[in-house]
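Once you've looked at the hints, dock chain B against the given chain A.
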Amino acid sequence: LRKNVEDFTGPRERSDLGFVTFDITADILNEKMSIFDWNVKQLFLYLSAEYSTKNNALNQVVLWDKIILRGDNPRLYLKDMKSKYFFFDDGNGLKGNRNVTLTLSWNVVPNAGILPLVTGSGHVSVPFPDTYETTKSY
Amino acid sequence: SGSMEPAFHRGDLLFLTNRIEDPIRVGEIVVFRIEGREIPIVHRVLKIHEKQNGDIKFLTKGDNNAVDDRGLYKQGQHWLEKKDVVGRARGFVPYIGIVTILMNDYPKFKYAVLFLLGLFVLVHRE
Numbered sequence: 127l128r129k130n131v132e133d134f135t136g137p138r139e140r141s142d143l144g145f146v147t148f149d150i151t152a153d154i155l156n157e158k159m160s161i162f163d164w165n166v167k168q169l170f171l172y173l174s175a176e177y178s179t180k181n182n183a184l185n186q187v188v189l190w191d192k193i194i195l196r197g198d199n200p201r202l203y204l205k206d207m208k209s210k211y212f213f214f215d216d217g218n219g220l221k222g223n224r225n226v227t228l229t230l231s232w233n234v235v236p237n238a239g240i241l242p243l244v245t246g247s248g249h250v251s252v253p254f255p256d257t258y259e260t261t262k263s264y
Numbered sequence: 138s139g140s141m142e143p144a145f146h147r148g149d150l151l152f153l154t155n156r157i158e159d160p161i162r163v164g165e166i167v168v169f170r171i172e173g174r175e176i177p178i179v180h181r182v183l184k185i186h187e188k189q190n191g192d193i194k195f196l197t198k199g200d201n202n203a204v205d206d207r208g209l210y211k212q213g214q215h216w217l218e219k220k221d222v223v224g225r226a227r228g229f230v231p232y233i234g235i236v237t238i239l240m241n242d243y244p245k246f247k248y249a250v251l252f253l254l255g256l257f258v259l260v261h262r263e
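Chains A and B supply the protein sequences, listed in that same order. Residue numbers are given in our numbering: position 62 of the first sequence equals residue 188, and the series is strictly consecutive. Residue numbers are given in our numbering: position 51 of the second sequence equals residue 188, and the series is strictly consecutive.
Hint data in this document are derived by calculation from the structure and do not stem from the laboratory. Only a predicted model underlies this, so the values are computations on that prediction, with no experimental measurement involved. We treat Cβ as the ideally placed atom computed from N, Cα and C, and that holds for glycine. Accuracy of the hints is not assured; some may be wrong.
Covered by chain B, according to a simulated footprint, are these stretches of chain A (three or more residues, beta-carbon under 8 Å) [claimed, not checked]:
| no. | segment |
| --- | --- |
| 1 | 171-183 |
| 2 | 238-246 |
Derived Cβ-Cβ restraints for the label pairs, each shown as a range [unchecked claim]:
| no. | chain 1 | residue 1 | chain 2 | residue 2 | range |
| --- | --- | --- | --- | --- | --- |
| 3 | B | R156 | A | T147 | 30 to 40 Å |
| 4 | B | R156 | A | T257 | 37 to 47 Å |
| 5 | A | W164 | B | I233 | 14 to 24 Å |
Just chain A, same shape as in the assembly (with noise of 0.2 Å):
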């Protein structure tokens, strides 16, 4: 699993705003294994965003996400992908905010039983600048 992004932040009323591209590459069949045993029907695939600031000892904005069905291509390959969802923080803390951790996880779907959420084993840092980007195109 491979993330890679770019960053740069706008304000938005009172509310500090992130701007994140990314790259995703996952390959879910593992050689002979796949995580799509016979029970199970989808994975909900997200991107989430996870970090501190000081109005909050924690945050996590889910940044976009997938789903994707037994039967559907097993391996993604995403380039320069936009946030599905606006990144507002709650207050000011992404200006600055070097600790901010991007990780990839996924609920298992079944078709019967138990609904487990995994964590990737990966994470990605994504440092946001000091200053604000006044106009940008996006």
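Relative to chain A, chain B alone:
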């Protein structure tokens, strides 16, 4: 309703836990109630902001919906809190509830089921 398809469909039976100490984190499927509304909603947590003391406010969204749930919350309400949570979805069994739904939506079906159950009881009385 269809807002969590294709994971869950109307008629699926969900197993919930409601341990207060379980932290609310993004990606989890929570069952919550909006103040003043009876029917609970089962959606996924999209965003959380938690304070040092554990106070948390969070936003939800149905997998199959294009937008988050802010439009569903009470007028002026922007976030959900721990007190709005009824449970956390931990597992499910598909379709089971469909029989109850059919019985509610189609009274004739309900009477047919009851009639058949009655017959069954009569026929099996030793």
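Evaluation of the provided hints:
1. 171-183: holds (count 5)
2. 238-246: holds (count 5)
3. B:R156 to A:T147: 30 to 40 Å: 38 Å, holds
4. B:R156 to A:T257: 37 to 47 Å: Once the Cβ atoms are compared, 43 Å apart, the range 37 to 47 Å for T257 of chain A and R156 of chain B holds.
5. A:W164 to B:I233: 14 to 24 Å: 20 Å, holds
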